[in-house]
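Student: Each chain, letter by letter, is given below.
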Amino acid sequence: MRSDKALTISPDPEIIQNLRQNGPGRRLAEEELFNRYMYFIREGMIKYSFTEEDAFDVYSDTILSAIEKLTAGLFEGRSSLKTWLYRIFHNKCVDQVRKITTNKNKVHRTTTVSDMLMHLSDSAKSVIQKLVERSDFDLLKKKLNELGDNCRKLLMLFADGYSDKEIAISMEYKTAEVVKTSRLRCLEKLRQSYNLLKN
Amino acid sequence: MDSTEYIDGFFNGSPDDEQKKQFERRIASDPSFAEEVAFYIGTSSLLKGQLDQEKKLRFRELFEQAKKDDRIVRPLRSIRPWRISVAAAVLLMVAGLWWVFLRQTGTEQLANEYIRQELQTQGVKMSIHPDSMQTALSAYNSGDLQGALGQFETILRTDTASFKAKQYAGLACLRLGEYNKALGYFTKMETRPGLYTNPAVFYQALTLMKRHQAGDEQNARRHLQRVVDQDLGEKETAARWLKKWPQ
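Chains as they are written, first to last, in numbering that gives the first Met the number 0: chain E, 0 to 198; chain D, 0 to 246.
One or more of the hints may lead you astray.
[As the list claims (entries may be wrong)] Below, a list of computed lysine-lysine pairs in the DSS-like style, where the Cα atoms sit at most 25 Å apart:
no., chain 1, residue 1, chain 2, residue 2
1, D, 20, E, 140
2, E, 46, E, 98
3, E, 152, E, 68
4, E, 152, E, 141
5, D, 163, E, 124
6, E, 152, E, 164
7, E, 98, D, 20
8, E, 81, D, 55
9, D, 55, E, 140
10, E, 129, D, 20
[What the hints assert, rightly or not] Stretches of chain E that chain D covers, calculated by requiring three or more beta carbons in the stretch to come under 8 Å of a beta carbon on chain D:
no., segment
11, 90-97
12, 119-132
13, 168-175
[Said to hold, decoys possible] Computed spacing ranges between beta-carbons, pair by pair:
no., chain 1, residue 1, chain 2, residue 2, range
14, E, 144, D, 20, 13 to 23 Å
15, D, 80, E, 145, 53 to 63 Å
16, D, 18, E, 187, 18 to 28 Å
17, E, 16, D, 5, 30 to 40 Å
18, D, 24, E, 129, 55 to 65 Å
19, E, 16, D, 24, 17 to 27 Å
20, D, 59, E, 93, 22 to 32 Å
21, E, 78, D, 88, 23 to 33 Å
22, E, 140, D, 31, 20 to 30 Å
23, E, 48, D, 13, 36 to 46 Å
Since the hints were made in silico from the structure, they are not lab data. Fair warning: this is a prediction, and the values are worked out from it, not measured in the lab. For each residue, glycine too, the CB sits at the ideal point set by N, CA and C.
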């Protein structure tokens with residue numbers, strides 16, 4: 000049932016609007032975007048001789064990257080959505096070919112850290128990068144899962160690009176301010192429980 | 000909590016240069032603050048990674064389902080209505096031109112073929128003292144159509160009733176492309192009674208098929224039908240052509 004609905008073809012502006020609205024239609028819009036250009040996977044297999052697994056990974060990363068850019072309003076509409084998306088897919092395929100030929104790991108989306116560090120100068124960036132690399136991500140993950148559904152959902156939605164105001168509407172909080180306070184409290188709680196075990 | 004709020008505000012806002020410098024100075028001077036920044040960034044990265052993983056799982060389900068249902072197809076390009084209209088108009092125009100061309104070449108081809116096979120030369124009587132008609136026919140047969148026409152017309156000036164002179168003058172005009180003049184001679188030929196076969200009407204049809212002005216094709220057809228119905232000269236050819244006539 001869900002997949003039938005997701006396969007309904009919407010015009011580009013509609014799908015972009017649904018992604019940007021961060022409302023209840025966003026999940027469907029993400030799935031529709033994925034479904035619409037799924038044939039890229041086959042093209043990746045034929046054109047770049049990828050295994051289905053590799054082609055799927057590259058395509059999924061393409062869609063995730065596109066969703067991030069679309070929700071952030073970084074798609075300027077100079078070309079059609081398909082052309083723009085294919086360009087991202089092609090670039091990721093080329094990256095993947097390089098990774099395969101140099102025996103490196105698969106393409107992963109590790110942009111979040113570097114994106115955030117862009118705000119900082121090189122010296123500050125280097126300090127923070129070293130500290131991040133020393134993090135115990137397994138422990139952090141464990142503590143995140145122990146945090147409770149509400150806190151986890153708050154943090155996840157914010158990480159997914161939803162604003163405090165949009166989270167307030169989605170999770171029925173009174174105001175965006177309440178969301179922000181709750182979210183930061185959750186983050187603080189996570190940090191304390193993480194530091195407690197880490198140190 | 001104050002630091003967390005400060006860090007959150009820094010990464011989710013638009014800090015100016017002074018705010019950036021202040022933030023960086025604190026990283027450099029306060030190791031616990033630097034640790035908090037690293038934690039914030041590390042957590043954001045982990046959350047994003049988990050989100051991506053969850054979405055990828057959803058995508059995997061969609062992909063497997065689509066594979067099962069054999070739905071992974073490249074969609075056809077949507078065609079805008081104006082493009083359909085333009086395509087239809089072009090198609091109609093091409094079809095129209097093709098139809099006109101086919102009709103034209105259909106009847107004209109029959110006429111050309113007949114002229115090439117039957118009217119290139121005319122019989123000349125061998126004689127020690129060739130008369131003016133034989134001289135004119137020789138000119139006709141040698142391809143000097145203009146010269147031949149002049150000679151046939153000279154004969155007609157002295158012998159206005161000469162059926163053969165009218166026929167050959169008409170044929171010379173036809174081959175020279177002087178269709179109206181040719182029609183004039185063939186019409187005059189028609190008035191000659193008592194002949195076993197008179198191809199005058201058939202020649203008129205032939206000339207109309209070559210002239211190909213508005214209405215000529217219909218008239219040519221009527222003439223051919225008359226040839227068949229009245230058992231006139233070139234009846235067999237007329238009947239054959241009528242069978243091939245474009246509808």
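Student: All hints, please: hold or fail.
Tutor: Going through the hints against the structure:
1. Between residue 20 (chain D) and residue 140 (chain E) the CA atoms are separated by roughly 32 Å; this puts the pair beyond 25 Å, and the hint is violated.
2. For a cut-off of 25 Å, the pair hint linking residue 46 (chain E) to residue 98 (chain E) stands: about 16 Å separates their Cα positions.
3. At most 25 Å may separate the alpha-carbon atoms for a hinted pair to count; residue 152 (chain E) and residue 68 (chain E) meet this at roughly 22 Å.
4. For the suggested pair residue 152 (chain E) and residue 141 (chain E), the alpha carbons sit about 15 Å apart, so the restraint of at most 25 Å is met.
5. Between residue 163 (chain D) and residue 124 (chain E), the direct Cα distance comes to roughly 111 Å. Violation of the 25 Å bound is thereby established for this hinted pair.
6. About 15 Å separates the Cα atoms of residue 152 (chain E) and residue 164 (chain E), which keeps this hinted pair within 25 Å; it holds.
7. Using a Cα cut-off of 25 Å, the hinted pair residue 98 (chain E) and residue 20 (chain D) is violated, with the two alpha carbons roughly 37 Å apart.
8. Only pairs whose Cα atoms come within 25 Å are accepted, and residue 81 (chain E) paired with residue 55 (chain D) is accepted, the gap being roughly 20 Å.
9. A hinted pair counts as satisfied when its Cα atoms are at most 25 Å apart, and residue 55 (chain D) with residue 140 (chain E) qualifies at roughly 18 Å.
10. The hinted pair formed by residue 129 (chain E) and residue 20 (chain D) meets the criterion: a straight-line CA distance of about 20 Å does not exceed 25 Å.
11. Coverage of the segment 90-97 of chain E by chain D is violated [criterion: at least 3 residues with CB-CB distance below 8 Å; count 0].
12. A count of 8 residues in the segment 119-132 of chain E with a Cβ less than 8 Å from any Cβ of chain D is obtained; the coverage claim is therefore met, three being the minimum.
13. A stretch counts as covered by a chain when three or more of its residues have a beta carbon under 8 Å from one of that chain; for the segment 168-175 of chain E and chain D the count is 0, and the coverage is violated.
14. The hinted range of 13 to 23 Å is not satisfied by residue 144 (chain E) and residue 20 (chain D), whose Cβ atoms lie roughly 38 Å apart.
15. In this structure, residue 80 (chain D) and residue 145 (chain E) meet the distance hint of 53 to 63 Å, their C-beta atoms being roughly 58 Å apart.
16. Taken as a hint, the range 18 to 28 Å holds for the pair residue 18 (chain D) and residue 187 (chain E), whose Cβ atoms sit roughly 22 Å apart.
17. Range check, residue 16 (chain E) to residue 5 (chain D): about 34 Å between beta-carbon atoms, so the 30 to 40 Å window is met.
18. Separation of residue 24 (chain D) from residue 129 (chain E) is about 18 Å and departs from the stated range, judged on CB atoms against 55 to 65 Å.
19. Restraint check, residue 16 (chain E) to residue 24 (chain D): a C-beta distance of roughly 42 Å breaks the suggested window 17 to 27 Å.
20. The given range of 22 to 32 Å is respected by residue 59 (chain D) and residue 93 (chain E), whose C-beta atoms sit roughly 23 Å from each other.
21. The hinted window of 23 to 33 Å between residue 78 (chain E) and residue 88 (chain D) holds, with their beta carbons roughly 29 Å apart.
22. Our hint of 20 to 30 Å for residue 140 (chain E) and residue 31 (chain D) holds, since their Cβ atoms are close to 23 Å apart.
23. At roughly 44 Å, the beta-carbon separation of residue 48 (chain E) and residue 13 (chain D) lies within the given 36 to 46 Å, and the hint holds.
Checked against the numbered hints given earlier, this structure breaks hints 1, 5, 7, 11, 13, 14, 18 and 19; the rest are met.
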